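Engineer: Protein chains in written order, with the numbering used here: chain D, 3 to 127; chain S, 3 to 127; chain V, 3 to 127; chain Z, 3 to 127.
Don't read these hints as lab results, they were simulated from the structure.
Since we're looking at a predicted model, the values are computed, not measured.
Treat the hints with caution; some may be incorrect.
Identical copies go unnamed one by one, so any copy, or any two together, can satisfy a pair.
With a cut-off of at most 30 Å between alpha-carbon atoms, the simulated DSSO-like pairs for lysine-lysine come out as follows [as the list claims (entries may be wrong)]:
1) 18 / 123
2) 104 / 123
3) 69 / 111
4) 39 / 103
5) 116 / 104
6) 39 / 123
7) 116 / 59
8) 118 / 104
9) 59 / 39
10) 118 / 103
11) 104 / 25
There are 4 protein chains.
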Amino acid sequence: MFKSTIILNIVTDLDKLQRMVVKFRDERDWKQFHNPKDLAISLVLESTEFLEHFQWKTEAETIEHLKNRKAEVDEELADVLYWVLLIANDLNINLDEAFVKKMVQNQAKYPITKAKGKHTKYTEL
Amino acid sequence: MFKSTIILNIVTDLDKLQRMVVKFRDERDWKQFHNPKDLAISLVLESTEFLEHFQWKTEAETIEHLKNRKAEVDEELADVLYWVLLIANDLNINLDEAFVKKMVQNQAKYPITKAKGKHTKYTEL
Amino acid sequence: MFKSTIILNIVTDLDKLQRMVVKFRDERDWKQFHNPKDLAISLVLESTEFLEHFQWKTEAETIEHLKNRKAEVDEELADVLYWVLLIANDLNINLDEAFVKKMVQNQAKYPITKAKGKHTKYTEL
Amino acid sequence: MFKSTIILNIVTDLDKLQRMVVKFRDERDWKQFHNPKDLAISLVLESTEFLEHFQWKTEAETIEHLKNRKAEVDEELADVLYWVLLIANDLNINLDEAFVKKMVQNQAKYPITKAKGKHTKYTEL
């Protein structure tokens with residue numbers, strides 16, 4: 003007797019999360035408002051809300067804040083991801099592909115030998 | 003008797019992409035600059051670069067732009083994702099978990115019956 | 003013979019407003035927190051709060067909003083000006099001078115004959 | 003013989019600068035593009051360009067930067083002011099009035115006795 007079980011567990015988080023976002027949006031019939039400009043504004047607004055958590059704080063206060071308000075900080079970053087995923091869906095952007103392509107470019111822009119240990123922009127390297 | 007279980011766990015884009023980002027950063031020895039405040043600033047800067055693509059444009063011009071400059075637009079969104087992933091790594095944020103948790107909250111904040119077809123903020127629903 | 007020269011030099015709003023901001027800040031002993039990075043973050047945060055007023059809205063809704071919520075919109079813009087003035091003070095920027103200089107540059111970048119009726123960035127004119 | 007010369011030199015910088023902006027814009031026939039949303043986006047974009055000057059820098063590097071690149075930093079702030087003034091014009095906002103009103107509110111939100119020496123938001127004071 004022979005039993006072969008092949009489990010192909012091809013989990014693609016990005017896809018899964020993206021489907022959640024799109025479903026959430028479509029159930030509320032919000033697509034009608036979702037033009038690229040306003041979607042991009044959301045991305046900016048959520049990013050600045052994330053940034054606000056770190057304003058005015060010393061290093062010690064930041065560490066404290068990240069302990070005491072971890073859940074809030076986590077959520078703000080999740081909010082940014084929400085818009086990244088929805089925008090990718092609406093603008094037909096293959097995030098995985100775009101990301102890998104960008105990383106290849108980054109490697110060309112910032113060769114290790116030149117960029118190591120420097121926070122200089124590639125235009126000034 | 004013979005039992006063969008092959009589990010091909012071709013896993014999780016987010017993890018894979020995140021590992022690419024961290025590797026890229028660490029090879030360049032940039033962690034020394036990466037405090038939460040400056041990381042968050044990067045997130046904002048890349049988001050605004052994405053937004054800039056849609057400024058001043060009519061709907062027709064936007065469609066045209068998304069055709070002619072698709073690669074650039076895609077890259078800008080990938081840039082935003084880059085910082086989301088790096089921040090999640092450095093601040094020890096489980097993105098997948100935070101995201102699902104946030105979606106549950108969003109559902110409570112925007113119940114379908116109340117929010118359907120309206121672009122009103124939950125505080126004013 | 004009689005000669006009377008009265009010069010009433012009721013000067014410069016910018017200076018007056020700037021003095022109000024600095025006084026407000028110094029009475030609260032907040033200078034200790036005011037490094038350029040965090041001041042600039044405030045400028046960004048207030049700008050995005052201003053932007054938020056116009057998100058998701060059609061032209062008609064925008065007009066409506068500007069009627070119904072005029073006081074709030076006005077205040078958000080005043081908030082942006084607050085940080086412009088405080089930053090100028092702390093970084094020793096002569097706003098009036100910088101502004102006029104910038105306008106001269108703008109005229110060179112966007113000559114009327116070339117730029118008239120186009121929303122193209124100067125780099126693509 | 004009697005000669006009386008009264009020179010009322012009521013200089014209002016804000017007005018003067020604002021007139022420069024509006025003239026510059028109108029000569030280029032750009033009003034057609036200037037809806038509140040896109041104007042507000044400009045305000046955000048220029049604010050983030052200003053912020054970018056202070057990213058990744060230590061205190062010492064910031065001081066150095068403010069010496070070596072002063073003209074650029076000054077210009078970026080002037081760019082922000084440009085949009086504040088143009089928006090105020092187009093949205094019929096009396097900046098001077100809005101500003102003074104806002105300062106009165108700020109004083110109520112942040113009473114000296116409570117706020118002195120703290121960088122806490124008024125909602126948490």
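Engineer: Should residue 59 paired with residue 39 be assigned to within, between, both, or neither, using CA atoms and 30 Å as the limit?
Structural biologist: Between copies only: 9 Å across chains, 32 Å inside a chain, cut-off 30 Å.
Engineer: Pop the pair residue 104 and residue 123 into one bin, within, between, both or neither, using alpha-carbon distances up to 30 Å.
Structural biologist: Both: 16 Å inside a chain and 24 Å across chains, each within 30 Å.
Engineer: How would you label the pair residue 18, residue 123 (within, between, both, or neither) given a Cα cut-off of 30 Å?
Structural biologist: between (35 Å within a copy, 26 Å between copies)
Engineer: Pop the pair residue 118 and residue 103 into one bin, within, between, both or neither, using alpha-carbon distances up to 30 Å.
Structural biologist: Result: close within a single copy only, 21 Å intra versus 37 Å inter.
Engineer: At most 30 Å between CA atoms: does that hold for residue 116 and residue 59 within a copy, between copies, both, or neither?
Structural biologist: between (32 Å within a copy, 19 Å between copies)
Engineer: Go through the copies and call it for residue 69 and residue 111: within, between, both or neither, with a Cα cutoff of 30 Å.
Structural biologist: Answer is between: at 25 Å across copies they meet the 30 Å cutoff, but 36 Å inside does not.
Engineer: At 30 Å max between alpha carbons, let me know whether residue 39 reaches residue 123 within a copy, between copies, both or neither.
Structural biologist: both (27 Å within a copy, 18 Å between copies)
Engineer: Between copies, within a copy, both or neither: which fits residue 39 and residue 103 at Cα up to 30 Å?
Structural biologist: Both. Shortest intra-copy (24 Å) and inter-copy (27 Å) distances satisfy the 30 Å Cα cut-off.
Engineer: What label fits residue 118 with residue 104 when the C-alpha limit is 30 Å: within, between, both, or neither?
Structural biologist: within (19 Å within a copy, 36 Å between copies)
Engineer: Quick one: residue 116 to residue 104, C-alpha cut-off 30 Å, is that within a copy, between copies, both, or neither?
Structural biologist: within (19 Å within a copy, 34 Å between copies)
Engineer: Under a CA distance limit of 30 Å, which applies to residue 104 and residue 25: within one copy, between copies, both, or neither?
Structural biologist: For residue 104 and residue 25, the Cα distance is within 30 Å both inside one copy (28 Å) and across copies (14 Å).
Taken one by one, the earlier hints all hold for this structure without exception.
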